[in-house]
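Based on the sequences and whatever the hints tell you, model everything.
Respectively, the protein sequence lines represent chains D and L. Just so it is clear: in the first sequence, position 126 is 126 by the working numbering, and no numbers are missing. Just so it is clear: in the second sequence, position 121 is 121 by the working numbering, and no numbers are missing.
The set of hints was computed from the structure by calculation and includes no laboratory data. The beta carbon of each residue, even a glycine, is placed where N, CA and C say it ideally should be.
Partner residues aside, some chain L positions facing chain D, computed with beta carbon under 7 Å:
#: 1; residue: 53
#: 2; residue: 78
#: 3; residue: 82
#: 4; residue: 85
#: 5; residue: 86
#: 6; residue: 91
#: 7; residue: 99
#: 8; residue: 111
#: 9; residue: 114
Derived list of chain D stretches under chain L, where covered just means 3 residues or more per stretch with a C-beta under 8 Å from a C-beta of chain L:
#: 10; stretch: 312-326
#: 11; stretch: 397-408
Chain by chain, the residues:
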Amino acid sequence: MNWRETFRTATDAVRAHRLRSLLTMLGIVIGISSVILTVGLGQGAQDKVKDQISALGSNLLIVSPGSSTSSSGVRGGFGSSTTLTLQDAQSIGDRAVVPDADKVAPVSSGSASLTAGQTNWTTSVVGTTAAWPEVRARSVSEGRFFTSAEVTSAANVVVLGADTASELFATPQSPVGQQVSVDGTPLTVIGVLASSGSSSTGSSEDDQAILPISAQKRLTGSTTSAVSTIYVEATSGSTLSAAYQEINALLLNAHGVTASTADFSISTQDSLVETANSTNKTLTVLLGGIAAISLLVGGIGVMNIMLVSVTERIREIGLRKALGATPAVIRRQFLVEASLLGLCGGVIGVVIGYVGSFVLPSLIDQPVSLSTLATCAALGTSLALGIGFGVYPASRAARLTPIDALRSE
Amino acid sequence: MNAPVVDLSGVRKTYRSGSIEFEALRGIDMQIAGGEYVAVIGPSGSGKSTLMNLLGCLDTPTEGTYLLGGEDVSRMTEAQLAEVRNRRIGFVFQQFHLLSSLPAWRNVELPLVYAGVPRADRRDRAVAALEKVGLGDRVENRPGELSGGQQQRVAVARALVTEPDIILADEPTGNLDSGSTEAVLGLLEELHGSGRTIVLITHEHDVAAQADRNLVIRDGLITDDRLVGAR
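Set out below in structure tokens:
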């Protein structure tokens, strides 16, 4: 009896008990579809984070005010302190001190209500320098960005994010040249930022008003020179770590602290991706583990039903043996049947997983990226489960003696 | 007389269950020639079923030799026996033993599947065998759609399809009414007429009377071997 005949016999047997076969597959179906979705969700989350971080710019170092430790030993929360200043940004920008830093953009952000005519819009107001568009890899779609001279003179100009512009001004009208006011201070709109393009980064990148940092300080009534973040672009990807070392040494020295009491932190895009991914990975492993357990349960379900099937079809087995089926042929028949159940369950599971990957993003706002490798692995696993858990029932069927099998009622 | 198809000499079969031994066959010598129609009769417990299992190569003797078509099958492994059963023996069982999920012709082709006959030939041969038993118009029917007599005729067709050395019928009429019994016995008679070797196992004397030769078995021994029938 060749493989094709064995396969035909197995499909006949599976089809003869459609409902039971489906129920048998159910465990594997659920297991495989959850594996596909978990892996897809994990991958999707990683891709999203990677997108968000790479959208920040390239060869970027991000200096944030770190947690400060007060004399009483109480550590403030991350980003709670105002230890970074404009002076720090200026020293980082000094090529003699930090030769590997190309451009520096200190950022001070707050929130304010913008008024244009009758329209009101509350958004984040970001004060920065002229280097910001280059450092953050952004461009203006209309008008221009402000110049260093305007930063120095604290000119009342503003560059709006794409969403902010469309909220404040009716579409046909170009916002460039219009006035918006913040707390009664009129600002001239000189440009509109191009949309950041990546939807996964959310709308906040497109909803902001960028001002010269000097003007922003004045508007918010801030008298300190504290900044919330300093973005530094290294001269190239290969000098990133050198720039890191130089900035670290500079700031430690300038703030008079040691590495253990540092009141700032420097992160690179890679380190950000890594941190975000390690969280995701834990979650993926956890969910994947649960999915794997459900696969195991599914496999045991297959074995259970195959054992029942062997008992139930004991007379059929006896007859087939009487008609010339060798033990090896019987074993193969039941093995193929079990692996067919496994594989069918796997295929249905993959289909459900793929359908889920289209439905899920709209329900939970999480992207799902499917990988061919994961799909193939899932199918391979389901086949292996069928074979693995089919071995015992199949060898039981093969060991039956034809006389006993024929006699049983 | 032709060379015997079935040749048993000194065959014993002992069953062991724990410390208890039970000798079901206590030294059987018998020969069946090609083309013979033999009935083995005996009451239940006589060793009749054990003899049938040995003749059908479903079991091997504890002692003695069994030559089937000149081939010694008494010391074969299970896989070898399966091959011999497929090639040399056609079974007809009391309970028909048809697979209810398959149509008649696919039941009949089963032995050919295990013999490795190509698919195209199998259907032709199965249909021809069904025509021979008068069921040419029931080829696609499943066993559930056939009467008991028709089901047993499908089983006879299945026994015929491989052109075996012997047809072994174990109480073939045990589950049939008298009308169907006659039809099935008539069919066996017809097959015998066309030169087939038939071994019929029964406990009913009027069924055994259909055969040319009766072997009476009692307490594991053949007690009588006589020719019957008028022909």
